[in-house]
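S.K.: Could you build the full structure based on these sequences and the hints that come with them?
Here my numbering is used: the first residue of the sequence shown is 46, the next is one more, and so on.
Please keep in mind that the hints were generated in silico from the structure rather than gathered at the bench.
Hints are supplied without guarantee of correctness; some may be wrong.
Claimed, not checked - When the alpha-carbon atoms are kept at most 30 Å apart in a straight line, the in silico DSBU-like pairs for lysine-lysine are as follows:
1) Lys267 - Lys254
2) Lys278 - Lys267
3) Lys268 - Lys222
4) Lys267 - Lys155
5) Lys278 - Lys155
6) Lys416 - Lys278
7) Lys456 - Lys587
8) Lys146 - Lys191
9) Lys245 - Lys506
10) Lys416 - Lys447
11) Lys222 - Lys195
12) Lys300 - Lys268
13) Lys260 - Lys170
14) Lys245 - Lys569
15) Lys275 - Lys416
16) Lys244 - Lys191
17) Lys569 - Lys604
18) Lys428 - Lys359
19) Lys447 - Lys436
20) Lys457 - Lys359
21) Lys195 - Lys244
22) Lys267 - Lys416
23) Lys170 - Lys278
24) Lys278 - Lys436
25) Lys278 - Lys363
26) Lys170 - Lys363
27) Lys245 - Lys275
28) Lys457 - Lys363
29) Lys150 - Lys192
30) Lys345 - Lys300
31) Lys170 - Lys155
32) Lys613 - Lys584
33) Lys254 - Lys222
34) Lys155 - Lys192
35) Lys191 - Lys278
Claimed, not checked - Pairwise CB distance ranges (calculated):
36) Met492 - Pro388: 49 to 59 Å
37) His162 - Tyr532: 52 to 62 Å
38) Asp347 - Pro579: 56 to 66 Å
39) Ser332 - Ser486: 50 to 60 Å
40) Lys506 - Ala196: 29 to 39 Å
All residues carry an ideal CB built from backbone N, CA and C; glycine is no exception.
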Amino acid sequence: MQWLSVCSLLVLLSVSARSQAQNQICTIFTEAKEDGFKSLILVGLSQNLPDSTLGDLVPLIAEALAMGVKCCSDAPPEDCERDVADLFQSAVCSSETLVEKNHLKMCCEKTVAERTHCFVDHKAKIPRDLSIKAELPAADQCEDFKKDHKAFVGRFIFKFSKSHPMLPPHVILAIAKGYGGVLTTCCGEAEAQTCFDTKKATFQHAVSKRVVELKSLCIVHKKYGDRVVKAKKLIQYSQKMPQASFQEMGGMVDKIVATVAPCCSGDMVTCMKERKALVDEVCADESVLSRAAGLSACCKEDAVHRGSCVEAMKPDAKPDGLSEHYDVHADIAAVCQTFTKTPDVAMGKLVYEISVRHPESSQQVILRFAKVAEQALLQCCDKEDHADCVKTSLAGSEVDQKITDEIDYFKKMCAVENAMSDDSFEKSMMVYYTRIMPQASFEQLHMVSETVHDVLHACCKDEPGHFVLPCAEEKLTDAIDATCDDYDPSSINPHIAHCCNQSYSTRRPCILAIQPDTEFMPPKLEASSFHMGPELCTKDSKELLLSGKKLLYGVVRHKTTITEDHLKTISTKYHSMKEKCCAAEDQAACFTEEVNTHRSTLITCSNPFISIVEKITQSTILP
Numbered sequence: 046m047q048w049l050s051v052c053s054l055l056v057l058l059s060v061s062a063r064s065q066a067q068n069q070i071c072t073i074f075t076e077a078k079e080d081g082f083k084s085l086i087l088v089g090l091s092q093n094l095p096d097s098t099l100g101d102l103v104p105l106i107a108e109a110l111a112m113g114v115k116c117c118s119d120a121p122p123e124d125c126e127r128d129v130a131d132l133f134q135s136a137v138c139s140s141e142t143l144v145e146k147n148h149l150k151m152c153c154e155k156t157v158a159e160r161t162h163c164f165v166d167h168k169a170k171i172p173r174d175l176s177i178k179a180e181l182p183a184a185d186q187c188e189d190f191k192k193d194h195k196a197f198v199g200r201f202i203f204k205f206s207k208s209h210p211m212l213p214p215h216v217i218l219a220i221a222k223g224y225g226g227v228l229t230t231c232c233g234e235a236e237a238q239t240c241f242d243t244k245k246a247t248f249q250h251a252v253s254k255r256v257v258e259l260k261s262l263c264i265v266h267k268k269y270g271d272r273v274v275k276a277k278k279l280i281q282y283s284q285k286m287p288q289a290s291f292q293e294m295g296g297m298v299d300k301i302v303a304t305v306a307p308c309c310s311g312d313m314v315t316c317m318k319e320r321k322a323l324v325d326e327v328c329a330d331e332s333v334l335s336r337a338a339g340l341s342a343c344c345k346e347d348a349v350h351r352g353s354c355v356e357a358m359k360p361d362a363k364p365d366g367l368s369e370h371y372d373v374h375a376d377i378a379a380v381c382q383t384f385t386k387t388p389d390v391a392m393g394k395l396v397y398e399i400s401v402r403h404p405e406s407s408q409q410v411i412l413r414f415a416k417v418a419e420q421a422l423l424q425c426c427d428k429e430d431h432a433d434c435v436k437t438s439l440a441g442s443e444v445d446q447k448i449t450d451e452i453d454y455f456k457k458m459c460a461v462e463n464a465m466s467d468d469s470f471e472k473s474m475m476v477y478y479t480r481i482m483p484q485a486s487f488e489q490l491h492m493v494s495e496t497v498h499d500v501l502h503a504c505c506k507d508e509p510g511h512f513v514l515p516c517a518e519e520k521l522t523d524a525i526d527a528t529c530d531d532y533d534p535s536s537i538n539p540h541i542a543h544c545c546n547q548s549y550s551t552r553r554p555c556i557l558a559i560q561p562d563t564e565f566m567p568p569k570l571e572a573s574s575f576h577m578g579p580e581l582c583t584k585d586s587k588e589l590l591l592s593g594k595k596l597l598y599g600v601v602r603h604k605t606t607i608t609e610d611h612l613k614t615i616s617t618k619y620h621s622m623k624e625k626c627c628a629a630e631d632q633a634a635c636f637t638e639e640v641n642t643h644r645s646t647l648i649t650c651s652n653p654f655i656s657i658v659e660k661i662t663q664s665t666i667l668p
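M.R.: This is how it looks when you write it as structure tokens:
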């Protein structure tokens, strides 16, 4: 059984891109060091054996550590060089207890060739829980943390890995490091609980963001394939490392894209092997490192955390002499020549040249321009007057102006979000999205309105100025990707289905263009359904917001063209009634009297479910 724990690690982090015939265990033991080695083993075991307890895994981790030492000795055992996937699966299947406990009998009965796919499929079907639950108050967590820091972090890694079986190990360990940082800071303060509540919310938001990013990338790859993923990554890393040449960036991006399919499928052997080879190769290129300050700093991190550092790094300074704008017309002859022979290379170069100059742009704006430019080149490059033809085709589509327009749009959105209370803004989003897709369930629209609010709140605060665009549009696009993937768009309405089937970069503009659905036939509403009572006086702010959104959903769903003035009138009347009755000695009697008095008015206003907690602020700018 000692090989089970070692191989579970290597199934998730195969550190060599070279031949299998080498001592991989010693390599990672040396690079990750003892604590990192044990943490990676814990991730691998927890993800692959989710029904095992931490107590079941502790002895295996100890055995793996001992084996790591043996593999780094002068006479390492032969098994140090065996195929790690086969070795791991054989070890699991040789344990009747593990097989039964983790429901792997069907996989273990398959041939070696089929067994790997079965293990990958099994892991992909493990239920996941994206929340981070703090089971103990801050004081108790701090006591445990101070008593044994490593054991505390180990328990966190175990629980988080079990509930996130498809997350790459380096991501989980970065999250665990962040959670440890929260406790290190807060446990030294007098008001530990207050500190913890504040920092935990920020931390959980960052975790959710990372999980959503990874999920979205997999969704994009599944729907649009390598070409769109490659374009996204080319933009992302060209913006981060403008000092790197197009050729250098192209080679790097090809390797990044090669990791996406195996990582998204759960084939972590190939996934992590490719990732490690990529980071090793990039960090060994002194020419690139000497020009890319952010990358150089990340390459100094340990083997466990380098990848996460690279993904999170901020854009480097632009190279000296780089023009402010890229003029495709200035070199159109060479562009057309390349496009005629190798269209993808020409488009890649175009995207690269724009990206290195515009770190303030979102990927989607650049891709939308590239889509228009590609059509222009297809139409014009075979013509004698190709230069004039391209100018005519791209008239009104200048990328610099498109970027400026989108930045201005999101700055206005930030101003609106800043001027409104959080609850009012979230409710306005509920109104907007219910208008255009009233067929969606409340749960779906609640999630959408909450996500839009969270995205703008975070991006307007954390990315002031022009960097709000890549922050906000990327996150909103991720949300659209998830919505289109999680639900059958055709079950919502034809307009949403149409937008979900548009090209990747045009999904959000497509949804923005949807008008209120006037053909929706809402279910009949009865007056008996209209209910307000003393419970509204005792609910906390979150419950009141949820109640308000539910009833707003009913109002707008019943009449998607209801005016903002009408909503505000209803809101004002209800707010007055709530204030009056919550202050009354007999709250129940007051609500009954007021409801009976205003029932006909409220029903006439479109819906008996009218319980708007705060006045809705009118907004003509909606995301």
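S.K.: Now tell me if each hint is right for this structure.
M.R.: Hint-by-hint comparison with the structure:
no.	hint	verdict
1	Lys267 - Lys254	holds (20 Å)
2	Lys278 - Lys267	holds (16 Å)
3	Lys268 - Lys222	violated (33 Å)
4	Lys267 - Lys155	holds (27 Å)
5	Lys278 - Lys155	violated (38 Å)
6	Lys416 - Lys278	holds (16 Å)
7	Lys456 - Lys587	holds (27 Å)
8	Lys146 - Lys191	violated (33 Å)
9	Lys245 - Lys506	holds (18 Å)
10	Lys416 - Lys447	holds (13 Å)
11	Lys222 - Lys195	holds (11 Å)
12	Lys300 - Lys268	holds (20 Å)
13	Lys260 - Lys170	holds (15 Å)
14	Lys245 - Lys569	violated (44 Å)
15	Lys275 - Lys416	holds (14 Å)
16	Lys244 - Lys191	holds (18 Å)
17	Lys569 - Lys604	holds (12 Å)
18	Lys428 - Lys359	violated (42 Å)
19	Lys447 - Lys436	holds (16 Å)
20	Lys457 - Lys359	holds (25 Å)
21	Lys195 - Lys244	holds (21 Å)
22	Lys267 - Lys416	holds (20 Å)
23	Lys170 - Lys278	holds (28 Å)
24	Lys278 - Lys436	holds (28 Å)
25	Lys278 - Lys363	holds (18 Å)
26	Lys170 - Lys363	violated (44 Å)
27	Lys245 - Lys275	violated (34 Å)
28	Lys457 - Lys363	holds (28 Å)
29	Lys150 - Lys192	violated (40 Å)
30	Lys345 - Lys300	holds (21 Å)
31	Lys170 - Lys155	holds (18 Å)
32	Lys613 - Lys584	holds (22 Å)
33	Lys254 - Lys222	holds (16 Å)
34	Lys155 - Lys192	violated (46 Å)
35	Lys191 - Lys278	violated (41 Å)
36	Met492 - Pro388: 49 to 59 Å	violated (39 Å)
37	His162 - Tyr532: 52 to 62 Å	violated (28 Å)
38	Asp347 - Pro579: 56 to 66 Å	holds (58 Å)
39	Ser332 - Ser486: 50 to 60 Å	holds (54 Å)
40	Lys506 - Ala196: 29 to 39 Å	holds (36 Å)
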